[in-house]
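Participant: Here is what each chain is made of, one letter per residue.
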Amino acid sequence: MASEAKNGQAQAMDIGALVDDGRVHRSVYTDPAIFEAEMTLLFGRAWIVLGHESQLPGANDFFTAAIGRQKLIVTRSSGGIAAYYNRCTHRGAALCVQERGNAYRFVCPYHGWTFDHDGQLLGVPAANEYAEGFDYSAHGLRSIARLETYRGFIFGNLSAEGPDLLTFLGPMRTTIDDFVDRAPEDVLEVVGTVHRHRYRGNWKAQFENLNDTVHPLFSHASSIAAAEAIAQKYGDAALTRELAIMRANGKPMKFFQEAQMNVAPFGHSFIEGHMGTAHADPDFEVYRNRLAAARGSERAEQILGVNRHLTLLYPSSTWQARFLTMKIILPISVDLTDTITYVFRARGAPDSLLEACIAYANMANSSASPIIADDLELYERCQIGNRVDGGDWVSMARGIVGDGSSEHPSTSEVYIRNQFAAWAAFMKDPM
Amino acid sequence: MAATLAEVQALLIHESALLDDECYSEWLALYSDDATYWVPIAPGQGDPIHELSIIYDTKVMMEARTFRLTHAKVHSHSPPSRSVRILSNVQILSNPSLTGADGYVKASAKLIMLEYRQNETRSFGASVSYDLQRGPEGLRIRAKRVDLINSTGSQEMISVPF
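Chains as they are written, first to last, in numbering that gives the first Met the number 0: chain A, 0 to 430; chain B, 0 to 161.
Only chain B is shown next, with the shape it has when bound in the complex:
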């Protein structure tokens, strides 16, 4: 069954809320086992394997990343930052008529993330795109791609997922 805009929006907003609240186990559960999470460097970058990326994670690396964020000695996240994500302009780009692995719902959105730590708030802006897959429990994320507007610039340390 095709996905509705309302359904996709609800999923993406739910994902943002889980990240805002650092609910990492629930966040990982939104992703399929073969998921990828990609923050490219070059605009329009096509290749995460032969080109560098700010982040290119498979699911197990996503899990390791979030494990680290709750570790007692995560120096770059102690004290933890506080962040809020505004996700907007959600669009469905393509919507397969078949369920399951026969096709992905491709969706896009715009993201502004504000992060506060140690007396400073910094901001990130990105175009985000998703491949969503319908499974027995509803829509899950098969791939997320975050194209930061400053992806080619010098990055200060990044700790939490976008």
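Just chain A, with the same shape it has in the complex:
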């Protein structure tokens, strides 16, 4: 099967055998050769979010990022934001091991090779010991093939070929618009702290879980019950923002069946919101008024009324505009995945909006969250179970009878089928 793949390329016929109607072969989660192929064929060609321009506020700022397993340095060059492979061109040392910083020049700690923010090599020690005319221009930092930004968000692509960013985003660009439109001053600023959680499972497990509206009643039974117990004991008014989020997972199945699931080309999807459109806090009116002053009342109401829960931008990230939270999913190996969660301050909005976003982001992304701990456990159980021969196929057939329609209940697994359609298209297409 795909374990016979050479040079990281899986045979087209093998991929066809792995993705079937409403099911996938379990090896897509467990086979290291398939993971290698994903790094080359999928992460090597899809647009991957790297970060946000507010992570580079000042001259000479940089941060490190990743596409697949490629480690990158992101900084401002004379021609705009640039992303370089994080590798000194001398002996290959990683240039930056900090997550972020400020550097007038990038200086390799090994022999002092020095690069500027355009990636140009400026100086090497003992230059006279090289063959005539040491070619500085041949030893610049290597840029990734393409980098584009959309409304302040930075995306990278390791391949020079393929659709541009806007084509790739398709209707998901409206989610990014949703983020920025919520700032009365049209500017988002990344918050300094980030969440990082990790699980011993495949990166696709997270993409398959986050728009799943059937699992909460079962996976999150313990946190739903905990929130309900507090409400019983102290009254509904005692529920903090965090407890209200825990409780919201307990909505009946019928509610989720009536909410809509939307899918788009390239594997993306989003579901309708289920946490209400208005932030339940006293400063919401202040926020609403500021947004109305900036954009007009009608437009402000439109913006505040966009009721989208999570947007999954395949294969890189998840986006929650109401709470200005964006999470990047980082594949480390076939059975190890990291994530980084960013929260944004909307410039011009009152502090209470950020407070609500922080409370949401803690509850939705901390590995200590009573909600997330159970998701991480289940990703790991799927990895363990899929390694044994208790069946070859993983079912993703829920709601498949409705696939011909343009509307889908949020309980349909159509978004997973959509992800694998995109996956198969990338994996079958040789470089």
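Derived by calculation from the structure, the hints in this document are not laboratory data. Misleading hints may appear alongside valid ones.
What the hints assert, rightly or not - If you anchor each label on the Cβ, the simulated ranges turn out as follows:
(1) A:P31 x B:G137: 33 to 41 Å
(2) B:E136 x A:G389: 24 to 32 Å
(3) B:T151 x A:F217: 31 to 39 Å
What the hints assert, rightly or not - Straight-line Cα separation of at most 25 Å, DMTMM-like style, residue types lysine to aspartate or glutamate; simulated pairs:
(4) B:K58 x A:E354
(5) A:K232 x B:E114
(6) A:K427 x A:D235
(7) B:K72 x B:E25
(8) A:K232 x B:D32
(9) A:K427 x A:D30
(10) A:K232 x B:E21
(11) B:K58 x B:D146
(12) B:K105 x B:D46
(13) B:K58 x A:E379
(14) B:K72 x B:E6
(15) B:K58 x B:E6
(16) B:K58 x A:D30
(17) B:K72 x A:D235
(18) B:K58 x A:E227
(19) B:K105 x B:D33
(20) A:K70 x A:E131
(21) A:K232 x B:D46
(22) B:K109 x B:E25
(23) B:K72 x A:D211
(24) B:K72 x B:D146
(25) A:K70 x B:E155
(26) B:K58 x A:D211
(27) B:K72 x A:E227
(28) B:K72 x A:E379
Computed from a predicted model, the values in this text were never measured in an experiment. Note that the Cβ used here is the ideal one computed from N, Cα and C, for glycine as well.
Got chain A sorted already, so can you dock chain B onto it with the hints?
Facilitator: Only chain B this time, still in chain A's reference frame:
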């Protein structure tokens, strides 16, 4: 009345023992009603409201968290882990001369927690700081802050309090 080192040590060790034994009701009773329990992300983090944290709980959230740990369907804690906490290097940083709400006893300690689950033991190390308050029943915890040495790193699922 100021607190003695022995008294503070006894309280903190008692707290650790209750957590080791998963005696959550008794553990919650050590905390005042307006208590906070904070596990920051950034070293020296000053703000739990406008910055992210691994945990930032008020008392009611602490109660919900512990309720969950004993629920029949707590998947990340089934089977439950076993943990042991070594609390050491207890110091009193400041000690008000007045009782009650007029001042807190500020104390610090170092914590190593080992947790065993599913054939693996993992370890956590932290500097812990406390605001303690003297009430009619003795010293109680008004605030606990756990600065994990790996707070900025990738965290695997965390279930039990530190």
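Participant: With a cut-off of 25 Å on the C-alpha distance, tell me whether B:K58 and A:E379 pass.
Facilitator: Violated - the C-alpha atoms of A:E379 and B:K58 are around 31 Å apart, more than 25 Å.
Participant: Straight-line Cα separation of A:K70 and B:E155 no greater than 25 Å?
Facilitator: Given that 25 Å is the threshold and the Cα spacing comes to 22 Å, the pair holds.
Participant: Holds or violated: A:K232 and B:D46, Cα atoms, limit 25 Å.
Facilitator: Violated, at about 30 Å.
Participant: Does the structure keep B:K109 and B:E25 at a Cα separation of 25 Å or less?
Facilitator: holds (22 Å)
Participant: Quick one, are A:K427 and A:D235 close enough, alpha carbons at most 25 Å?
Facilitator: violated (53 Å)
Participant: When you check the alpha-carbon spacing of B:K58 and B:D146, does it fall within 25 Å?
Facilitator: holds (19 Å)
Participant: Holds or violated: the 33 to 41 Å window for the beta-carbon distance between A:P31 and B:G137?
Facilitator: Since the Cβ atoms of A:P31 and B:G137 sit about 57 Å apart, the hinted range of 33 to 41 Å is violated.
Participant: Are the Cα positions of B:K72 and A:E227 separated by 25 Å at most?
Facilitator: holds (15 Å)
Participant: Verify the proposed pairing of B:K72 with B:D146, using a straight-line Cα cut of 25 Å.
Facilitator: With a Cα-Cα distance of about 30 Å, the restraint between B:K72 and B:D146 is violated, given a limit of 25 Å.
Participant: Can you let me know if the beta-carbon spacing of B:E136 and A:G389 is within 24 to 32 Å?
Facilitator: At roughly 55 Å between Cβ atoms, A:G389 and B:E136 fall outside 24 to 32 Å, so the hint is violated.
Participant: What's the verdict on B:K58 and A:E227, does the C-alpha distance respect the 25 Å limit or exceed it?
Facilitator: holds (16 Å)
Participant: Taking only the CA atoms, is the gap from A:K232 to B:E114 under or equal to 25 Å?
Facilitator: Violated: A:K232 and B:E114 sit about 31 Å apart, past 25 Å.
When each numbered hint is compared with the structure, violations occur for hints 1, 2, 5, 6, 13, 14, 16, 20, 21, 24, 26.
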